[in-house]
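The listed protein sequences correspond, in order, to chains A and B.
For the first sequence, the residue numbers in my numbering are 1 to 342.
For the second sequence, the residue numbers in my numbering are 1 to 342.
Be aware that a few hints might be false.
Stated by the list, open to error - Capping the alpha-carbon separation at 25 Å, the derived lysine-lysine pairs in DSS-like fashion look like this:
hint, chain 1, residue 1, chain 2, residue 2
1, B, Lys178, A, Lys4
2, A, Lys178, B, Lys4
3, A, Lys146, B, Lys321
4, A, Lys146, B, Lys203
5, A, Lys321, B, Lys236
6, B, Lys300, B, Lys236
7, A, Lys321, B, Lys146
8, B, Lys50, A, Lys203
9, B, Lys4, A, Lys74
10, A, Lys203, B, Lys146
Honestly, the hints are just simulated from the structure, not real lab data.
In case you want the letters, here they are:
Protein chains: 2
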Amino acid sequence: MNQKLGRASIRLEQPVYIIESASIVGTKEGEGPLGLLFDRVGKEDMFGCKTWEEAESTLQKEAVGLALDKAALKPEDISYVFAGDLLGQSMATSFGISTYQVPLFGVYGACSTCGESLTLGAMSIAGGFADKVVCVTSSHFASAEKEFRFPLDYGNQRPLSATWTVTGSGAFVLGGEKGKSGKKARARISAMTVGKVVDYGLKDSMNMGACMAPAAASTVEQHFIDFASQPEDYDKIITGDLGKVGQRVLIDLLRKKGYDISEQHMDCGLEIFDAQSQDTHAGGSGCGCSAVTLSAYILKQLQEGNWKKVLFLPTGALLSKTSFNEGMSVPGIAHGVVIETI
Amino acid sequence: MNQKLGRASIRLEQPVYIIESASIVGTKEGEGPLGLLFDRVGKEDMFGCKTWEEAESTLQKEAVGLALDKAALKPEDISYVFAGDLLGQSMATSFGISTYQVPLFGVYGACSTCGESLTLGAMSIAGGFADKVVCVTSSHFASAEKEFRFPLDYGNQRPLSATWTVTGSGAFVLGGEKGKSGKKARARISAMTVGKVVDYGLKDSMNMGACMAPAAASTVEQHFIDFASQPEDYDKIITGDLGKVGQRVLIDLLRKKGYDISEQHMDCGLEIFDAQSQDTHAGGSGCGCSAVTLSAYILKQLQEGNWKKVLFLPTGALLSKTSFNEGMSVPGIAHGVVIETI
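Please model the complete structure; the sequences and the hints are all you need to start from.
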């Protein structure tokens, strides 16, 4: 029953299936290159709420509701929810998920949280602790700006290395069964590599790509070692939100370790916006960025057979307004999940 | 291999052992009724650091280091760390745990995080995903006051229902083996009940006991249902930090459900301080409160055979400064872990 592999990895003996998923995004994301693929695009970014935080809670609530609907499941069918967001004390999750009255594991790994929630969710099913679980994460441009960069009304210029927090939430229903009566699951999770905190001492919160790239490189390298695999074994190696700058750093760092992933690498933050026309600089970011891209775009490619196997690797920058103001560095973390066609 | 039980519970087929543990606290906790039981008491509450946040990180770092030392283990022997704290974006964890370079699962459940981390840690071992893991949580009076109640220098009176955030961190090494050559594990985890968010609409952040009690009642009731058990089946039913007010609410709520736990109930927040002489009002609270009490006091009672089986139930109040200032309620959550003598 030992499903542990190498230093930081898990190989699932029985695959865990992503039965269904849902994505809901804000207006700007709806206007981006992936706009037509999302399940729901908000008409305005308050989503009918009074505060940005409530709006983000609504994103999580609706993403979970939609994923359950698509899977023809009720909240009672779900053993646990694994959920998180970027707000202090994960408030979007607490208020967003409470509606469903499902036992909750709150998780936090900054923008890597989607990978962490899928990892723990898959473990809970593969270990026989749950029948079906939901994994959900969210971010909201305005609540994130308020959380990390308040006061907002400075009117200061954003450097070109800065990323744009995605307004969106992606929810995933996981289960041990491939599906029934013509309704097949979207994909399967076959393995995971858990990230550690990597701190290169960088302090520029306006260049989170560079802060997170060393963590991504560490997890990718550990993954290759643990599975004795090579970049060519994956159709895509997909980071969460490294953006333009972080992508370059990641590819360079891994080249020094003897791995060339330049062919396979893709970054959700670079896919979700058209940086040029949408003025998003280095790319998209946030807990929602990788989650909605996985649901709307990556799983679609796997389902259509365009890709067979990807390493999905959400990346997180571990900072708070307090740690930043106190002059601390911005460490990174990245959790890898191998997702394959069924 | 189905270890799922009822709506929200897990019965471990193979017990998971708490191999070792460690507790480190601040000066005030050292002067309290449990003072002599803690492994380490700080000489001053900055623990040699420049900021309160760094001090809290140091607490986590030292608690983990001490637990590993006591277990004669190195960081390389640990598959994963499950860790969390109360600060925005879990900063005490990010900076406290990075030293060890162990793959990290960040978790958040407010002051219930100790229960959540033990639950996930035990699942990772029982599922064959890990050899040994460390679960650690922390809180610090000053970093919590700054996080939740800044500006601090108001000089306003604290109501009698308010609790006092514990400065401390408790770390637990879990593994699948009972121990070897005369060195027995401290106790074993046999079951868990995962809590859901329960919101009675209370908004008083100075009465967190009342805010959390409905969540504690919900998890205890679910536990009794899932295991078809009764209060008498446990030597103690131990909540994390309900304090005086919350304790009364919990006992009343459960009485209405047909369960009388008044004989078995104990609250870590009521044990850690002498409210009268230490001016802590309703009791202690915080992520560290239940963790250090478990390590120093509860496991000792189990080891000495005074108790055979307890339901350990850390309780969390899900609020942030933003949610509070925006007039939101304070929902609660509580995760239950059954801990038994070996």
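Hint check:
1. The hinted pair formed by Lys178(B) and Lys4(A) meets the criterion: a straight-line CA distance of about 20 Å does not exceed 25 Å.
2. Of the pairs offered as hints, the one joining Lys178(A) and Lys4(B) holds, with about 20 Å between alpha carbons and a cut-off of 25 Å not exceeded.
3. Of the pairs offered as hints, the one joining Lys146(A) and Lys321(B) holds, with about 12 Å between alpha carbons and a cut-off of 25 Å not exceeded.
4. Of the pairs offered as hints, the one joining Lys146(A) and Lys203(B) holds, with about 22 Å between alpha carbons and a cut-off of 25 Å not exceeded.
5. The straight-line distance between the Cα atoms of Lys321(A) and Lys236(B) is roughly 41 Å, outside the 25 Å bound, and the hint therefore fails.
6. Between the alpha carbons of Lys300(B) and Lys236(B) the distance comes to roughly 13 Å, so the proposed pair stays at or under 25 Å and holds.
7. For the suggested pair Lys321(A) and Lys146(B), the alpha carbons sit about 12 Å apart, so the restraint of at most 25 Å is met.
8. For the hint pairing Lys50(B) with Lys203(A), the CA-to-CA distance comes to about 18 Å; that is within 25 Å, so the pair holds.
9. Note on Lys4(B) and Lys74(A): the hinted pairing holds, with a Cα-Cα distance of about 18 Å set against a maximum of 25 Å.
10. For the hint pairing Lys203(A) with Lys146(B), the CA-to-CA distance comes to about 22 Å; that is within 25 Å, so the pair holds.
Of the numbered hints stated above, the single one contradicted by the structure is hint 5.
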